[in-house]
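Protein chains in written order, with our numbering: chain Z, 1 to 340; chain P, 1001 to 1111; chain R, 2001 to 2355; chain G, 3001 to 3589.
Among these hints, one or two may not hold up.
From the derived model, a few chain P residues whose C-beta atoms are all more than 12 Å from chain R [to be verified]: (1) Thr1011; (2) Arg1012; (3) Asn1056.
In the EDC-like style, the derived pairs of lysine to aspartate or glutamate whose C-alpha atoms are separated by at most 16 Å in a straight line are [as the list claims (entries may be wrong)]: (4) G:Lys3349 x P:Glu1039; (5) R:Lys2138 x R:Asp2214; (6) G:Lys3349 x P:Glu1075; (7) P:Lys1035 x Z:Glu35; (8) G:Lys3457 x G:Glu3473.
Partial pick of chain P residues on the chain G-facing surface, computed with a CB cut under 10 Å [claimed, not checked]: (9) Trp1004; (10) Gly1005; (11) Phe1006; (12) Lys1021; (13) Leu1024; (14) Gly1067; (15) Lys1070; (16) Cys1082; (17) Lys1084.
What the hints contain is simulated information worked out from the structure, not anything from laboratory work. Here a beta-carbon is modelled for each residue, glycine too, at the ideal position from N, C-alpha and C.
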Amino acid sequence: MHTVIIIGGGPAGCEAAYQLASDGIQVHLIEKNNETGGNLNNWYQLFPDRKNAQDLNKRLQEQLNHPGITLHLGMEPSRVEKDGQGRFSVSLSDGSLLEGDALLVATGFKTFDAKRKEEYGYGIYENVVTSVDLENMFRNHAIRTSKGDVPRRIGIIHCVGSRDEKVCNFHCSKLCCITGVKQAIELREMLPESEIFCFYMDMRMFGPGYEEMYREAQEKYNIKFIRGRLSEAAENREHQVQVKVEDTLLGRPLRVTLDLMVLLVGMEASNETQGMARELGVKLAPSGFILPLDPHYGNNLTGEKGVFITGCCSAPMNLTDTLNDARSAAVCITRYLNMK
Amino acid sequence: MNFWGFNISETRSINYDTNDKDMLIHVLQEVPSCKLCIECGGCTAGCTAGRLTSFNIRKLQMFMKRGENKEIREELHKCMLCGKCILVCPRGVDTRKMILSMMKYIKNNQK
Amino acid sequence: MNLEGKQQVWKDYQKEIADDRYYYARSCIRQTFFPGSEWAYLDILKNKLGKDVLDDPRHTTCTGIGYHSDVVPVQTIMTVVARHFALMTEAGYENITPSCITSFGIYTEILETWAHHPEIEEQIREYLWKATGREFKKPKNLAHTSDIIYKFREDIAAQARYKLVDVHTGRQLRGVDHIGCHYAKMFPSKGIGGAEFPAVLSGMISSWGGDVVDYPERRHCCGFGFRQYLVMANRGYSVANSKKKFESMRPYEPDFIVANCPGCAMFLDKWQYTISEMEGTTYGQDGYGIPVLTYEELAGLVLGYDPWELGLQMHQVAVEPLLDKMGIAYDPEMKYRTKEGKDIGRPKCPTYLKV
Amino acid sequence: MYYDNFVLPFTIGLITLLVYLCVRYYKWIRSFPKIDRIKIRRGLFSRKTLVSIKEIFMESLLHHKIFKTNPVLGYMHMTFAFGWFLLIIFGKIESMVYHTSAFNPPYFAIFFRYFHPAKETFPGSETFAFIMDLILSFLLLGILLAVIKRFYSKMFGMKRTTKQRPYDLLVLTVLWLIFPARFIAESFSSGINGGGSFLTHSAGEFFATFLPLRNLSYGAWWTYSSLLGLFFLLLPFSRYMHIPTEIVYIFLKNWGVEQRKQYNGFSEIQTNACSRCGICINTCQLNNSCDIKDTQPVYFLRRLRNHEDFSVQSENCLLCGRCEAACPVGINLNAIRLSTRPDLTRVTKETYAYIKPKAQAETPAKVAYFAGCMSHLTPGIIRSMQEIFDKAKVNYTFIDEEEGVCCGRPQAICGNWKAAKVLMDRNQERIESSGAEILVTSCPICYKTFKEDYTLKIKIMHHTEYIDMLLQEGKLPLHKNDLKTVFHNPCELGRGCGVVDAPNHVLEQVSQRIPTRYDGKNSLCCGGSLANTVIDSQQKTKISTDTVKAYSAYQPDVIVTACPLCKKTLGKTSTSVPVKDIAEIVAAS
């Protein structure tokens, strides 16, 4: 019987674990936190169907009850070694040692640290929050300014930390556009009287139903979309955020005061992803994510034999793609083990 | 005539906070499809009037959305209302009706 | 405003500033419009802080005004600056401290350029040699004179005779800081606190007992812009920038503005008069303007220098309301007289701005 | 002297009505523009008056047009109008025969059975009684039908009957009650005194068996008179104002009075001439496709009459003209609707100043081709026309190839006549500068306005007409093929300008044209009309979908039209059957 070690218990790791275990493979799933789910734990509702994120999370967790899966919660791999037969041994932070025939890296992404865009004032201005903070507000059903008022005007800033040479991120995080649309709709549902803006560079509605959702956001929810990148924000006496953008489609600068500003933070390779890449000697793409062997035929493979990747450690992906990618990785690993 | 040889320049920046959005409210009520515009410019590209003059209906509707009504008052009458723009709009905005609605607002709110 | 967040940013942008032995580079605008400031700076450093500063009479303008107005080519300005470095080297100094923000920006820019393009540095060395027969070493440390004051702000606070507090009510005085574009906007890491939330002046205000006002247009340019001001047709644009700042700071009712750059100090001061004449608007209390100080003047006032000796009568906006609030004694009779009591003439009274 | 107090309600009602009508019509006619007043003066003693009388007989009494649309409905209307007319005429003759004088008071004939002692016979009295009873029964049957129509409109081939206001329902009830009241009054009198014929006599005998007729009879006559008087008093403010007004309208129309751009007395007369038969509701595609139920002419005119807000209804119309074509009264429904659209433009020196005149052509071509704005979105039409010109070796010039100017009709159909006029003048200059003899256009919208609003001295043809002419002249080589086609006649071309035969003729020569029930002036609207500014994109799409469905039912290979706007609009929804312009069919054959 073969054994596979999966590093990272987010949606990709969980789904891959279940698929592999269902194929009769012994799985060790290592997760640094005390619960699985990864970034999904920070989300309230999912696009495009507005499913409760925790429902999906729960489903993924239930799958982990499979007898073939051994969970190692609160553990981090401190050392990974590969022997001549292509077997991996992974030492965990508690000193224990796991052995496996293949390694699946599912260490995912981290959200961009909005403080790095200093001019947006995150952490300095009272009414600047990130999209992750906003999800938390949704969960608590309370959208309030720092003074506790209902924000009458809210601005959602797209592409924070994505497509930005100034923070050395050239890549597109792909999901933020639709997340922005989703959050705008959620905001509208909770605050029917407020004015809600999205300041975007491009609207990239890549998935099924996304463009329709964008259209609905305009037509039904009266969300206002302004094409222009925030150049700087400042706080006024009332602790509102005064933003300056160029209304690029008019070719005129635009000033508007917001009661609440939401930064749609982009995705970067997590520290664990970068650490694993170093440890395993696999290549990184210029974006900092792990570079797959081939973008079409080998997107779960790396240059290292027996080391597989899945989910957002290789690129920003939505959940649909992540889960597909996990299944695809499981297929690749099964085939690899059978050929061994 | 001041002896300075210059005046304090007006800002080019759109001040959304203080601009008058009354026309917008009126037009959105009459033509809700306005909200659907994605600023593709299809309407303007084939515009009969736009071929002969600077008339740009995409921009005018954006100005309206920002509460910059001055330009609309100056430009709107250039439209010939031929309706070609309606046939082009990928979002189904009733562009011609929007123009009529703007005209109506201007007519009713003449100073 | 979340102060912890700001402090984190300030921590991220700290720069190395030499302790002593400064080669002083004067500023064209400062010595013309605020001669008292340069004197005060040298006096504070030498006599209050006991530092070694060389005020070299041989050094010239950096030609920054000409450079930014597109009349001086880059090779010329680099050679002029190289000459300053040569003078510094010859005098045995290694730390250069320009008094002008534009000079500071230019020095920074030139040193950066040379670091990336050594061939240009070589060429400039050759030009300087051919023109003057001089050689130079690059300065070990480059700091703006405000950086020096910032560095010793606590020492100044220890010797302070006055605090930035309204002596009648005990209220902290509200100060607006204006950094100047060329200080950190080009090279954020070269400014204390970076470009977005610079701490150089706000640090002084806080240390000396005042309250810093952070208003929405704080980062905005004063409007000088060289070509904008120098060409009369563009001046409307220049003054519009200052106006934008005044409009934005007015609701905070600031007691004073302190400026990093001599040009900014001049414009923020004089445009208040222009705007009042053109539009009848004044931005201070009771028809006064908002007093505009250089940081040297502010330090001088705190240390108890005589306002007229600091040259505050050269300002367009009257500083008396600020002096009154700080409780600084002054003789109104002596405002437009020399130390000896000779009349130096007085400006025409503005139409709207109270002086 | 034959008199009784009960005639007072009738007499007062009648006199009041006549005075009111005279004043009303005088005021309206006085508001006509001078040119129309001159037309009345000239027409008054001409053959046109006789024609009008014939038309009044055919339409106001026999309702011949409604008959054509719907026989049952026509019969219902006819019984009322013609029946009542006969009752009055024969009653009058009867009274004159009896009285042997033409000058008896008007009420005498109406209440003849009361005043005439039944025992006293006169020549033909039996026959008269029979005829009067016959007419009355004819009328009562009509009322029965009307009652049924009100509750079971489907039986009359109508999807929906006109919805009435409470006031109108009151008047309607009064009208319905008049004839039963007469029947009762006459029966009661007959029951007491005898007389009458098969209906009233038998009914009188029947009633006498169980009712104290002596006590009731007088009251019945009062009721009858009161109902008549009440009806006359209520009439001017009810829809029955159409009865006298339609007669006046027929005269005015035949004398040549026209509905102009302004809403005036003539518009008022037409508005009042509407009988609210509701035929327009059924022809209206807004009703059939979009379920819009408040904008059809019957409701729109009612709003106008009652001074209710009509701003939305004024704009909510495709101006397709289907209602106008079907209107039995022949009211200028489109023109009236258009006259109520406010002019939103303010014309200054700057208006369209950017349109510069074209240089006079040095060697004028014979034909000037004006594609029209919309045609530039359907380059297939333009290219086909160019091919046709080339094949027929026509020397032509393409006026709006590079930069066109809108014909002005889109402005005009929004009511913006002032701005439209400026456009039209500037465009006319540009067209005239071509020096051509024939102006050919591909757009029916342009075509209509070129013909009606421009003062061009050259021949104006839509390309269907022009192609037809080329074919007749044998200048265009022809190949008939097996393509099965249906023709969608654009509203502005068929109903708007009466161009019906040319396209059919052309299509028959180049393809297998399938006749449809929508041929000629019965054509549907594509839904893309610029005239309607109320319905949204989805509703337009719905109309287009239904129209395409209607034509597709004939299983054509291609739906042919002759308008770029129709082509685009139908093409939007017709995914399985291609939509082509007639020029494209001809060019390809």
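Outcome of the hint check:
In this structure P:Thr1011 is not separated from chain R by more than 12 Å, as the shortest Cβ-Cβ distance comes to only about 7 Å. Not every CB of chain R lies more than 12 Å from the CB of P:Arg1012, the least distance being 10 Å, so the non-interface label is violated. The beta carbon of P:Asn1056 sits about 26 Å from the closest Cβ of chain R, which is more than 12 Å, so the claim that it is off the interface holds. Of the pairs offered as hints, the one joining G:Lys3349 and P:Glu1039 is violated, with about 32 Å between alpha carbons and a cut-off of 16 Å exceeded.
A threshold of 16 Å between alpha carbons decides the hint, and for R:Lys2138 with R:Asp2214 the separation of about 37 Å lies outside it, so the pair is violated. A distance of roughly 14 Å separates the Cα atoms of G:Lys3349 and P:Glu1075; the hinted pair therefore holds under the 16 Å criterion. In summary, the hint linking P:Lys1035 to Z:Glu35 is not supported, as the alpha carbons are separated by about 43 Å, beyond the 16 Å threshold. Taking the CA atoms of G:Lys3457 and G:Glu3473, the gap is about 23 Å. The hint is violated against a cut of 16 Å.
This hint is violated: P:Trp1004 has a C-beta 33 Å from the nearest C-beta of chain G, more than the 10 Å allowed. With its C-beta approaching chain G no nearer than about 32 Å, P:Gly1005 sits outside the 10 Å limit, and its interface hint is violated. Residue-level restraint check for P:Phe1006 is violated (minimum Cβ-Cβ distance to chain G is 30 Å; threshold 10 Å). For P:Lys1021, the suggested interface contact is broken, since its CB lies about 21 Å from the closest CB of chain G, more than 10 Å.
With a least beta-carbon distance of about 18 Å to chain G, the hint placing P:Leu1024 at the interface is violated under the 10 Å criterion. At a threshold of 10 Å, the smallest CB-CB gap from P:Gly1067 to chain G is about 21 Å, leaving the interface hint violated. Violation of the interface hint for P:Lys1070 is found here, the shortest Cβ-Cβ separation to chain G being roughly 15 Å, above the 10 Å cut-off. Look at P:Cys1082: its Cβ gets to within about 4 Å of chain G, closer than 10 Å, so that hint holds up.
Checking P:Lys1084 against chain G by beta carbon gives a least distance of about 5 Å; that is within 10 Å, so the hint holds.
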